[in-house]
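Working from the sequences, and respecting the hints, build out all of it.
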Amino acid sequence: MQSRKLLRIACASLVLACGSLASRAEEPGYTKRGADTCLKCHDESSKFPVLSIFKTRHAQPADSRTPFAKLQCESCHGPGAAHAEEVPEGQPQAPIIKFGAGSRVPIAQQNQVCLGCHEDQARISWKSSPHGGNDVACASCHRIHAEHDAVLATAAQPEVCYACHKTQRAEFDKPSVHPVRFAQMQCSSCHEVHGAMSAKLLIKPTLNETCYTCHAEKRGPVLWEHAPVAENCANCHTPHGSINTALLVKRPPLLCQSCHSQAGHPSVARTGAGLPGGNPSGFLLAGSCVNCHSQIHGSNDPSGVKLMR
Amino acid sequence: MTMHGNHLRPQVAHGVAFVLFTMLPVMRAAAEDAPAVDTSKWVCKFCTFEETGFSFTPNLGVGYVTDDSAKFGEYTGMNEQGAYLIADAAGRYRGADGLWLDLSAVDLGLDSRFFGVEGGRQGKYEFHLNYKQLPHNISDTANSPFLGIGTTSLTLPSSWVPASTTGAMTALDASLRGTDFNTERRMVDLGGALTLVKHWAFAVNVRHEEKTGTRGTGGSFIFNDSRLPMPVDYQTDQFDASAAYNAERLQARFAYYGSIFNNDDAALIWENPYLPLANGATTGQLALAPSNQFHQLVFSAGYKLAERAQVTGDIALGRMTQNESFLPYTINSSLPTQPLPASSLDGQVDTLTGNLRFTTTPVDKLRINASLTYNERNNRTPQAEYDWITTDTAVAAPRTNLPYSFKHTVASIDGAYPLTTSIRLYAGCTIDEFERDLQEVEYTNEGGCWGKAGFQAKDGASFTIKWAHSLREGSDYLPPPDTPPQNPLMRIYSMADRSRDELNLRIDATPGERFNFGLDASVTWDAYYNSAIGLLDGNSLSLAADCSWMLSEKFSATCYASHEQIKSRQANAELLAPSPLWTSENTDTIDTAGAGFKYRVHEKLDLGIDYTFVRSSGEILIESATVGFPDLETRLNSARLYIDYATKKKLSLRLSYWYEDYRSDDWALDGVTPSTISNVLAFGQGTPSYYINVVALSGRYEF
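Residue numbers (the numbering used here), protein chains in the order written: chain A, 1 to 309; chain B, 1001 to 1703.
Read the hints as simulated data drawn from the structure, not as lab findings.
Among these hints, one or two may not hold up.
[As the list claims (entries may be wrong)] The calculated label-pair distances, taken between Cβ atoms and stated as ranges, are: (1) B:K1365 - A:H118: 20 to 28 Å; (2) A:A163 - B:L1576: 47 to 55 Å; (3) A:H118 - B:W1549: 31 to 39 Å; (4) B:E1210 - A:G277: 38 to 46 Å; (5) B:L1366 - A:H118: 47 to 55 Å; (6) A:G102 - B:A1527: 29 to 37 Å; (7) B:K1365 - A:L152: 29 to 37 Å; (8) A:S189 - B:S1624: 41 to 49 Å; (9) A:A163 - B:L1317: 18 to 26 Å.
[To be verified] Result set (BS3-like, lysine-lysine): computed pairs, CA atoms no more than 30 Å apart in a straight line: (10) B:K1041 - B:K1124; (11) B:K1124 - A:K47; (12) B:K1604 - B:K1648; (13) A:K70 - B:K1650.
Note that beta-carbon positions come from the ideal geometry of N, C-alpha and C, so glycine has one too.
Here it is in structure tokens:
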């Protein structure tokens, strides 16, 4: 009797195991014809045309990593059999995983679809980054179906970023700027938006190291350092834009007089009396302090202690 | 063995049952791993995959700029009146098995041209080769009497008559020549990536950059100064190489970054246009940026500890070095000097940067981040006492160099929790510690906390409010020895005690599917509450709004506007005593507005307009002054109109018109001729203003 009991248990187990396989095969409801099912509706005349995806890297069957080497549309949008079923006119289609604005799928779930393939060395700290931590959807910035994803193009990328970073648009309209509005730089020239561990998502570990990638002449080390320069470029410069030349946070001589109070000319109040028409002052006009202290970023001249050589 | 009746041995039945039980999870796993979906009928017959072949789309035309302006063409190269070539192109090759090649050419007719080629076999390897030029037109209205501009030796005309003041330089006007200040970067990038081995990715990139041109600097003899055209002739080579491992739980990257900067111009020498103040100082010399190097190793990794817990971190070890031969103390042979303590600096700065982050969701929906950041600059440059010949004119007291080092540590923790489906709360705290040596404040500690609440309406509208407060305090303010005495009440703002409050409001709304509106408002208050001299306080207000409107399939519009005000107060004293104190107030105000429209007139004709307005002003008020400053002013109006017409399926034409006017007033430059300042021989460039039209016609054809 014991043997029969065991046999029944074994058979039940086999049924359970096979049932598990069978249910996995049938669920979770993939379409019968894959992308062909989707494209019967989502052609160029539909409300959600998708054919441009075939000009993107996602539609490359030869690359085993891509959706079209796997479950085609349903690699990202999930099982679509229910969605593909016909419904009475006026009734909504069954939901499918939708991305971007208007999606009711939680952003974390949307992003997990992308991270399923793209959680790599470029997105190591995405989840703890300001973007990931604030539930920014991948589809907020990326247009997966577009032949040309705007956020990847130098000229178009800033507009994508300005959608959230509204004050930065105004900063790049100021008279003294890095050439973003001239389409010669993009936000990602300095920022690693997918989750660098540096402050402000900079491409290098520190602000100064980021600046030095283009301004290596200011890196040094030099004999006579200007302490705030070595510490933080942003002590004197604002990186996006300023009304002052060279993106300075304030107009010299006041900028310099924020820190320098030595007796003599550094601490003297400069007024409008020093303008042309009065007694034109070299401490105020032309380059102001840097007329003489021209090596303001530091000097390697043995006699350059005052940054004048 | 038979399955009939009682002939089944108990031990066999036990065995089968055991095996099947133990197989259950394996079979379940197999069900998950195996292609559970029957894709045998997924033929993708409607999939419009790109066919093998080559396509090429050039865009050629001509444009015309109506006036010269360095400011208008500051970074584009459209700085001169006249016609220019419009030449862009895009090429595309798609082959079998993921083989691809893309060509891109942008603005080939301008100094801001770009050309790039990239390709590879997708999923296996990739490469790229890019060439980019970037001009920076600084000024086209400067004047200088110096000869040899663009070289490291500036001389004066033989007719030059030195004088004590610029006004007395009788040969000045006749000697002035127009001098354009501009630089140009030329960059070549070559790199590639390999993904041949599962889980591994390798990448390498080499960039060579040359930056050449002329820009302004200054050189003085005591208080007699000359603005000098300085040559720029830099080469920078940058190297990146990385190996990355990517698996489900672990991602890691090991990378090397190298940057080698070269400047063959060691010094700028110029002839003194003034009568020497002393010791026959007729020629000056200043050091130009020395060649230097930076090398860095970076390791970063992320590991998923559990489904809801991840730890990430990185560490970067770097070294900056500089060992260019020193210039002599002076080129004035009449001044006595001691031998230099060394022939070169042997400068070395070691950097160490590290981050460690832990992210977890310990209970349902509560997300917590904890992080620790460390940044160290260890300046190992040797200290020595150097003679000091001030401005090639006089012997001054020797000075010892101060190689600055610091350690910066930031620890923070923050969390997010959805109170309801429509309300999410965020909060966090940060401790920021800074240790410096050879500076006024050895140690500062800043602690702060913030809170944020986000409200999400069902129609997609959202409202967020964030408030942050931090307080920074430091150790005693003690100026380092061997530095000139400063006012004892001075507190340098980067190290001063400070209270900071920030408030941010944000609204995003989508009233209807076709209209979006967003508003961002930020206010910041800084109080340097223990500073009597230096920066006293600062506050800023920023309002920025934008909208987009898709009126119909044919018509869309966008708009934006902003207002920003940045205020600060500072104080100083003309003597080392606390009084007489003077204070100043600085107010920068920037307003911007813009709008754009796109209209499809019919299927072959598109029309678009973009307009931008920017106005800025800088107000400086010196409280004790009897004569004030006029405001610094800029005003920009820019409008672009384009008409696209598709003549055939593959040919389209674009006619565009761009109008821009810019006006600026800057008291530092307005009315300052080369001889306006008695002791500064200035460039005399005015503030930039222009009124420019650009008309362009181009055609794009797809081969």
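We went through each hint and held it up to the structure:
1. B:K1365 - A:H118: 20 to 28 Å: Since the Cβ atoms of K1365 of chain B and H118 of chain A sit about 24 Å apart, the hinted range of 20 to 28 Å holds.
2. A:A163 - B:L1576: 47 to 55 Å: holds, 53 Å
3. A:H118 - B:W1549: 31 to 39 Å: Holds: the Cβ-Cβ distance is about 33 Å, inside 31 to 39 Å.
4. B:E1210 - A:G277: 38 to 46 Å: holds, 44 Å
5. B:L1366 - A:H118: 47 to 55 Å: violated, 26 Å
6. A:G102 - B:A1527: 29 to 37 Å: violated, 44 Å
7. B:K1365 - A:L152: 29 to 37 Å: holds, 33 Å
8. A:S189 - B:S1624: 41 to 49 Å: holds, 44 Å
9. A:A163 - B:L1317: 18 to 26 Å: Distance hint for A163 of chain A, L1317 of chain B is violated at roughly 38 Å.
10. B:K1041 - B:K1124: The given pair, whose Cα atoms are some 28 Å apart, holds under the 30 Å limit.
11. B:K1124 - A:K47: violated, 36 Å
12. B:K1604 - B:K1648: Holds, at roughly 9 Å.
13. A:K70 - B:K1650: Given that 30 Å is the threshold and the Cα spacing comes to 34 Å, the pair is violated.
Violated hints, listed in ascending order, are 5, 6, 9, 11, 13; each of the other numbered hints is respected by the structure.
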